[in-house]
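> Sequence:
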Amino acid sequence: MRHIVFLHFLLLSSILQAANIVTASAANYRQLLLRLEPGDTLLLRPGVYKKGLPVYQLHGNKDKPIIIMGPTNGPLPVFSARPGHNTISIINASYIVIRNLELDGQGIAVDGVKCEGNADWAHHITLENLVIKGHGNNQQTVGISTKCPAWNWVIRNNTIEGAGTGIYLGNSDGNAPFVGGLIEHNLIKDTMGYNLQIKHQNARPDIPDMPSNPSNTIIRHNVFSKEKRAVTGPLARPNVLVGHWPVKGNGSKDTYEIYGNFFYQNPMEALFQGEGNIALYNNLFVKDHDEIPTG
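Count along the sequence shown from 1, then add 7; that gives the number in this note's numbering.
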């Protein structure tokens, strides 16, 4: 029996070494973050992290992404918001997986996850199993936001509760395209504005490795609820809005595929609005509020 246990320990040790797992705490994670290379996993211990998570110029690859994560079971590491800094800030990063974290906005006017507007791009980013709360300072405070060209993102199994806007992908001027994304199995509830908005797109910029062939953005198996806290009057917004693709050239034949979602309640606005190439099917829409007069 002792030999079996010893062999099991050797096997487990060899797996951990092969996986390049680096364990960190709130005291040293910022230093270790800078050293990550393709295939590395930064495993964050439970605790309160007060210095944000800057994902700047970090690059995994297709076969060996960089993983930043909390433990699979038990308490999550909690990242507390701080004034003037988005909590998870992404600039020029690729093939990154971020999972099993809690982001506490503490009512401060900063975003939970932000692909910054001064970035050139961010691609192959996976956000999963995040709990995002306390980001409801105002309607422009966002749980997950991209403000630069972004493609092949996966946003999966996250809970966003009480945000100003749940997920906002793209920029209001149409010059930060979100391409080929997968948004699935998220619970987004009680937002002031949109649960999810993907902005319209102008002509696609010429960026190396950005998809040039037609792409699908898939939105499936999510809950989009505005039962509580929804703003009324001129600032009222639908649960979900998807904007049009470029009217010509690269991206003009892209498609939204939206299915298996639950759209629940909105006191003033539609549950869904969209434009462009859209396949919308097998969703459940529930709204029993009376419309509120505007004047």
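Don't take every hint at face value.
Claimed, not checked - Capping the alpha-carbon separation at 27 Å, the derived lysine-lysine pairs in BS3-like fashion look like this:
| id | residue 1 | residue 2 |
| --- | --- | --- |
| 1 | Lys140 | Lys260 |
| 2 | Lys260 | Lys69 |
| 3 | Lys140 | Lys255 |
What the hints assert, rightly or not - Per label pair, the in silico range of CB-to-CB distance:
| id | residue 1 | residue 2 | range |
| --- | --- | --- | --- |
| 4 | Gly124 | Ser259 | 40 to 50 Å |
| 5 | Val161 | Lys235 | 38 to 48 Å |
| 6 | Tyr63 | Ser179 | 18 to 28 Å |
| 7 | Asp295 | Ser219 | 38 to 48 Å |
| 8 | Asn220 | Ile285 | 28 to 38 Å |
| 9 | Lys235 | Gly46 | 34 to 44 Å |
| 10 | Asp70 | Leu242 | 14 to 24 Å |
In short, the hints are calculated from the structure, not lab data. Owing to the predicted nature of the structure, the values given are computational and were not obtained by experimental measurement. Don't be surprised by glycine CBs; every beta carbon is placed ideally from N, CA and C.
> Any of the earlier hints contradicted here, and which numbers?
As far as the earlier hints go, 1, 3, 4, 5, 8 and 10 are violated by this structure, in ascending order.
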